[in-house]
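Just so we're aligned: 79 in this note's numbering is position 79 of the sequence shown, and the numbers increase by one with no gaps anywhere.
Keep in mind that a hint or two might mislead.
What the hints assert, rightly or not - Derived SDA-like pairs (lysine to any residue); straight-line CA-CA distance at most 20 Å:
#, residue 1, residue 2
1, K81, E52
2, K81, S38
3, K81, V35
4, K81, T93
5, K81, P33
6, K81, F4
7, K81, S42
8, K81, E39
9, K81, R3
10, K81, L91
11, K81, Q19
12, K81, L8
13, K81, H48
14, K81, A45
15, K81, I59
16, K81, C18
17, K81, A65
18, K81, A61
19, K81, D21
20, K81, L47
21, K81, F51
22, K81, P49
23, K81, Q22
24, K81, A2
25, K81, D92
26, K81, S11
27, K81, M1
28, K81, R54
29, K81, L23
30, K81, R57
31, K81, P46
32, K81, E56
33, K81, V53
34, K81, E24
To be verified - Distance ranges between label pairs, derived from CB positions:
#, residue 1, residue 2, range
35, D21, S42, 27 to 37 Å
36, E52, T75, 14 to 24 Å
37, G66, E39, 16 to 26 Å
38, S38, S11, 14 to 24 Å
39, A10, Y97, 27 to 37 Å
40, T50, G12, 15 to 25 Å
It is worth saying that the hints were derived from the structure and are not from the lab.
Bear in mind the structure is a predicted one, so any value in this text is a computation, not a measurement.
Yeah, the Cβ is synthetic: ideal placement off N, Cα and C, and Gly gets one too.
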Amino acid sequence: MARFDVHLMASGDLALDCQSDQLEYLASRFTVPLVPESETASRIAPLHPTFEVRGERLIMATHLAGAVPVRALGTAIASLKTHEYEIQRALDTLTGY
Numbered sequence: 001m002a003r004f005d006v007h008l009m010a011s012g013d014l015a016l017d018c019q020s021d022q023l024e025y026l027a028s029r030f031t032v033p034l035v036p037e038s039e040t041a042s043r044i045a046p047l048h049p050t051f052e053v054r055g056e057r058l059i060m061a062t063h064l065a066g067a068v069p070v071r072a073l074g075t076a077i078a079s080l081k082t083h084e085y086e087i088q089r090a091l092d093t094l095t096g097y
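Full structure from sequences and hints, please.
Below is the structure:
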């Protein structure tokens, strides 16, 4: 499990792991849902960056971020590590950093 990995949850939803790898010993991970662009009516560009995962355009639903138990995270299917800047900007926009 690594920061910025995309996990396929048992529900079929996708979650982006945004927690520092230095906190891997915790029983939960800070995640952000990734939702299909087609299911999103409106977005705020800095808060909701768009990524392509397995050929599908997905929006980072930063406003829905939260902790999930590690056991709830499914298999990592992709990494968005190369998009670290956009992801961190979205998190900073949410928290007012």
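Comparing the hints with the structure gives:
Distance check on the hinted pair: K81 and E52 sit about 13 Å apart at the alpha-carbon level, within 20 Å; holds. Straight-line distance between C-alpha atoms of K81 and S38 comes to about 24 Å, which puts the hinted pair past the 20 Å bound. This hinted pair checks out: K81 and V35 have alpha carbons roughly 18 Å apart, not beyond 20 Å. About 19 Å separates the Cα atoms of K81 and T93, which keeps this hinted pair within 20 Å; it holds.
Taken as a hint, the K81 and P33 pair is honoured in the structure, with Cα atoms around 16 Å apart against an allowance of 20 Å. Distance check on the hinted pair: K81 and F4 sit about 5 Å apart at the alpha-carbon level, within 20 Å; holds. With a CA separation close to 25 Å, the supplied pair K81 and S42 exceeds the 20 Å bound. Distance restraint check for K81 and E39: the Cα-Cα separation of roughly 24 Å exceeds the 20 Å cut-off, and the hinted pair is therefore not satisfied.
In summary, the hint linking K81 to R3 is supported, as the alpha carbons are separated by about 7 Å, within the 20 Å threshold. With a CA separation close to 14 Å, the supplied pair K81 and L91 stays within the 20 Å bound. A C-alpha spacing of about 12 Å is found between K81 and Q19, which places the hinted pair at or below 20 Å, so the restraint holds. Only pairs whose Cα atoms come within 20 Å are accepted, and K81 paired with L8 is accepted, the gap being roughly 17 Å.
Our distance criterion of 20 Å between C-alpha atoms is met by K81 and H48, whose separation comes to about 16 Å. Proximity of K81 to A45 is assessed by CA-CA distance (about 19 Å); at most 20 Å being required, the pair is judged to hold. Between K81 and I59 the CA atoms are separated by roughly 16 Å; this keeps the pair inside 20 Å, and the hint holds. With a C-alpha separation of about 10 Å, the suggested pair K81 and C18 falls inside the 20 Å cut-off, and the hint holds.
Between the alpha carbons of K81 and A65 the distance comes to roughly 18 Å, so the proposed pair stays at or under 20 Å and holds. Note on K81 and A61: the hinted pairing holds, with a Cα-Cα distance of about 17 Å set against a maximum of 20 Å. At roughly 12 Å between alpha-carbon atoms, K81 and D21 fall within 20 Å of each other, so this suggested pair holds. Straight-line distance between C-alpha atoms of K81 and L47 comes to about 17 Å, which keeps the hinted pair within the 20 Å bound.
For the given pair, K81 sits about 11 Å from F51 by alpha-carbon distance, which is consistent with the 20 Å threshold. Distance check on the hinted pair: K81 and P49 sit about 14 Å apart at the alpha-carbon level, within 20 Å; holds. Our distance criterion of 20 Å between C-alpha atoms is met by K81 and Q22, whose separation comes to about 16 Å. Between K81 and A2 the alpha-carbon distance is near 9 Å, which keeps this suggested pair within the 20 Å criterion.
For a cut-off of 20 Å, the pair hint linking K81 to D92 stands: about 17 Å separates their Cα positions. Taking the CA atoms of K81 and S11, the gap is near 24 Å; set against the 20 Å cutoff, the hint is violated. A threshold of 20 Å between alpha carbons decides the hint, and for K81 with M1 the separation of about 12 Å falls inside it, so the pair holds. Distance restraint check for K81 and R54: the Cα-Cα separation of roughly 15 Å lies within the 20 Å cut-off, and the hinted pair is therefore satisfied.
For the hint linking K81 to L23, the alpha-carbon distance of about 17 Å falls within 20 Å, and the restraint holds. In summary, the hint linking K81 to R57 is supported, as the alpha carbons are separated by about 17 Å, within the 20 Å threshold. The hinted pair formed by K81 and P46 meets the criterion: a straight-line CA distance of about 17 Å does not exceed 20 Å. Among the hinted pairs, K81 with E56 is consistent with the structure: their alpha-carbon atoms are about 17 Å apart, no more than 20 Å.
Using a Cα cut-off of 20 Å, the hinted pair K81 and V53 holds, with the two alpha carbons roughly 12 Å apart. Pair hint K81 plus E24 holds up; C-alpha atoms about 17 Å apart against a cutoff of 20 Å. Between D21 and S42 the beta carbon distance is about 33 Å. The supplied range of 27 to 37 Å therefore holds. The given range of 14 to 24 Å is respected by E52 and T75, whose C-beta atoms sit roughly 19 Å from each other.
For the hinted restraint 16 to 26 Å between G66 and E39, the CB-CB distance of approximately 19 Å keeps it satisfied. A hinted range of 14 to 24 Å holds for the C-beta pair S38 and S11, which are about 18 Å apart. Distance hint check for A10 and Y97: the Cβ-Cβ separation is about 32 Å, which falls inside the suggested range of 27 to 37 Å. One distance hint, 15 to 25 Å for the beta-carbon pair T50 and G12, holds here, with the actual separation near 20 Å.
In terms of the numbered hints stated before, the structure departs from hints 2, 7, 8, 26, listed from lowest to highest.
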